[in-house]
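K.L.:
Sequence:
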Amino acid sequence: MKRRMKMRENEEDEKESARDIGRERTSESDRERLYRLSEHQKRKKMSTAIARQRLVAQSEIDRLSSLLSIPEKTREGSMKIYREAWENDLIHGRSIEKILAASMYMACRKHNVPRTLDEIEDATRVGRKDIIKTCKLLANRLGLRLVPTSPLEYISRFCAKLNLKKHVEERAREIVQKALEKDITSGRGPTGIAASAIYIAAILCDDRKTQKEVAEATGVTEVTLRVRYKEIARELGIKVV
Numbered sequence: 060m061k062r063r064m065k066m067r068e069n070e071e072d073e074k075e076s077a078r079d080i081g082r083e084r085t086s087e088s089d090r091e092r093l094y095r096l097s098e099h100q101k102r103k104k105m106s107t108a109i110a111r112q113r114l115v116a117q118s119e120i121d122r123l124s125s126l127l128s129i130p131e132k133t134r135e136g137s138m139k140i141y142r143e144a145w146e147n148d149l150i151h152g153r154s155i156e157k158i159l160a161a162s163m164y165m166a167c168r169k170h171n172v173p174r175t176l177d178e179i180e181d182a183t184r185v186g187r188k189d190i191i192k193t194c195k196l197l198a199n200r201l202g203l204r205l206v207p208t209s210p211l212e213y214i215s216r217f218c219a220k221l222n223l224k225k226h227v228e229e230r231a232r233e234i235v236q237k238a239l240e241k242d243i244t245s246g247r248g249p250t251g252i253a254a255s256a257i258y259i260a261a262i263l264c265d266d267r268k269t270q271k272e273v274a275e276a277t278g279v280t281e282v283t284l285r286v287r288y289k290e291i292a293r294e295l296g297i298k299v300v
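Its first residue numbered 60, the sequence shown is counted upward by one per residue in the working numbering.
Just so you know, the hints here were simulated from the structure itself, not pulled from any lab data.
For glycine and all other residues, C-beta sits at the position ideal for the given N, C-alpha and C.
Check each hint, because a few of them may be wrong.
[Said to hold, decoys possible] When the alpha-carbon atoms are kept at most 25 Å apart in a straight line, the in silico DSS-like pairs for lysine-lysine are as follows: (1) Lys195 x Lys225; (2) Lys225 x Lys289; (3) Lys237 x Lys225; (4) Lys188 x Lys157; (5) Lys195 x Lys224; (6) Lys188 x Lys271; (7) Lys289 x Lys241; (8) Lys139 x Lys169; (9) Lys289 x Lys224; (10) Lys298 x Lys237; (11) Lys224 x Lys237; (12) Lys132 x Lys157; (13) Lys268 x Lys224; (14) Lys169 x Lys192; (15) Lys289 x Lys220; (16) Lys192 x Lys220.
[What the hints assert, rightly or not] FRET-style restraints, in silico, Cβ to Cβ: (17) Val299 x Arg113: 50 to 56 Å; (18) Lys132 x Leu205: 30 to 36 Å; (19) Arg113 x Val286: 42 to 48 Å; (20) Glu233 x Leu205: 25 to 31 Å; (21) Glu294 x His170: 27 to 33 Å; (22) Lys220 x Lys241: 42 to 48 Å.
Could you put together the complete structure from these sequences and hints?
P.N.:
Printed below as a string of structure tokens:
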């Protein structure tokens with residue numbers, strides 16, 4: 060009798076042990092399943108956040124392109140620069156607005172679409188110093204070349220803003236071309252040179268604009284305009300009355 064009772068006890072112990080092992084295996088399996096589920100949810104959240112951020116970036120670039128009358132090719136170029144910045148982890152810890160503003164400005168420079176820093180600043184509310192700093196960062200880290208702009212690229216747009224006639228625009232182009240040939244423009248901002256040439260051309264063509272009008276239309280200061288136009292007139296031997 061005692062032997063049978065002992066055998067039953069052993070059998071019960073073995074069954075309980077088997078149940079414990081089963082519970083351990085189930086618990087381990089549950090932990091693995093929960094871990095995989097947690098990782099999946101993390102990846103899903105990250106993927107959703109990335110998609111949302113890219114959607115915001117795309118929407119902002121579309122807004123800027125519309126506001127600044129940016130051609131489709133240039134719009135695509137700015138989005139490409141932004142994507143490269145994202146892929147190279149340049150967005151993390153930095154203002155997306157600054158990256159987008161710099162991307163748009165660099166794309167405009169690359170595609171010869173003349174837009175001034177002031178125009179980008181007004182459209183994005185990002186300061187020009189921050190735009191320049193971010194442009195340099197993108198150029199260095201992404202191996203991009205910040206293409207210099209020519210004063211000639213701004214003549215048509217500035218003349219249109221001032222409602223100047225075609226012959227004034229042509230005269231301004233001639234002045235800029237001569238200034239370029241004599242290397243008067245070296246080290247000077249292209250918008251200041253363009254504004255000064257237009258101011259001089261308007262006087263010569265008897266279609267005068269005040270310094271304030273030209274400064275406001277071109278985004279340069281009246282001080283810069285006065286200094287540059289006098290410098291160009293002197294170097295090219297142009298008499299401005």
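K.L.:
For each hint, tell me whether it holds in the structure or not.
P.N.:
Hint-by-hint comparison with the structure:
1. Straight-line distance between C-alpha atoms of Lys195 and Lys225 comes to about 37 Å, which puts the hinted pair past the 25 Å bound.
2. Taking the CA atoms of Lys225 and Lys289, the gap is near 23 Å; set against the 25 Å cutoff, the hint holds.
3. As the CA atoms of Lys237 and Lys225 are separated by approximately 19 Å, the hinted pair is consistent with the 25 Å bound.
4. For the proposed pair Lys188 and Lys157, the alpha carbon gap of about 10 Å is at most 25 Å, so the pair holds.
5. At roughly 38 Å between alpha-carbon atoms, Lys195 and Lys224 are farther apart than 25 Å, so this suggested pair is violated.
6. With a C-alpha separation of about 24 Å, the suggested pair Lys188 and Lys271 falls inside the 25 Å cut-off, and the hint holds.
7. A distance of roughly 15 Å separates the Cα atoms of Lys289 and Lys241; the hinted pair therefore holds under the 25 Å criterion.
8. For the given pair, Lys139 sits about 12 Å from Lys169 by alpha-carbon distance, which is consistent with the 25 Å threshold.
9. Taken as a hint, the Lys289 and Lys224 pair is honoured in the structure, with Cα atoms around 23 Å apart against an allowance of 25 Å.
10. Note on Lys298 and Lys237: the hinted pairing holds, with a Cα-Cα distance of about 15 Å set against a maximum of 25 Å.
11. Distance hint between Lys224 and Lys237 is fulfilled; the C-alpha atoms sit about 21 Å from each other, no more than 25 Å.
12. Only pairs whose Cα atoms come within 25 Å are accepted, and Lys132 paired with Lys157 is accepted, the gap being roughly 21 Å.
13. At roughly 12 Å between alpha-carbon atoms, Lys268 and Lys224 fall within 25 Å of each other, so this suggested pair holds.
14. For a cut-off of 25 Å, the pair hint linking Lys169 to Lys192 stands: about 17 Å separates their Cα positions.
15. A C-alpha spacing of about 23 Å is found between Lys289 and Lys220, which places the hinted pair at or below 25 Å, so the restraint holds.
16. Proximity of Lys192 to Lys220 is assessed by CA-CA distance (about 29 Å); at most 25 Å being required, the pair is judged violated.
17. For Val299 paired with Arg113, a C-beta distance near 52 Å keeps the hint of 50 to 56 Å intact.
18. As the Cβ distance of Lys132 to Leu205 is approximately 18 Å, the hint placing it in 30 to 36 Å is violated.
19. Between Arg113 and Val286, the C-beta spacing of about 45 Å keeps the proposed range 42 to 48 Å intact.
20. Against the hinted window of 25 to 31 Å, the Cβ-Cβ separation of Glu233 and Leu205 comes to about 28 Å, which satisfies the hint.
21. Range check, Glu294 to His170: about 31 Å between beta-carbon atoms, so the 27 to 33 Å window is met.
22. The hinted window of 42 to 48 Å between Lys220 and Lys241 is violated, with their beta carbons roughly 27 Å apart.
Figure legend: structure checked against the earlier numbered hints; hints not met, in rising order: 1, 5, 16, 18 and 22.
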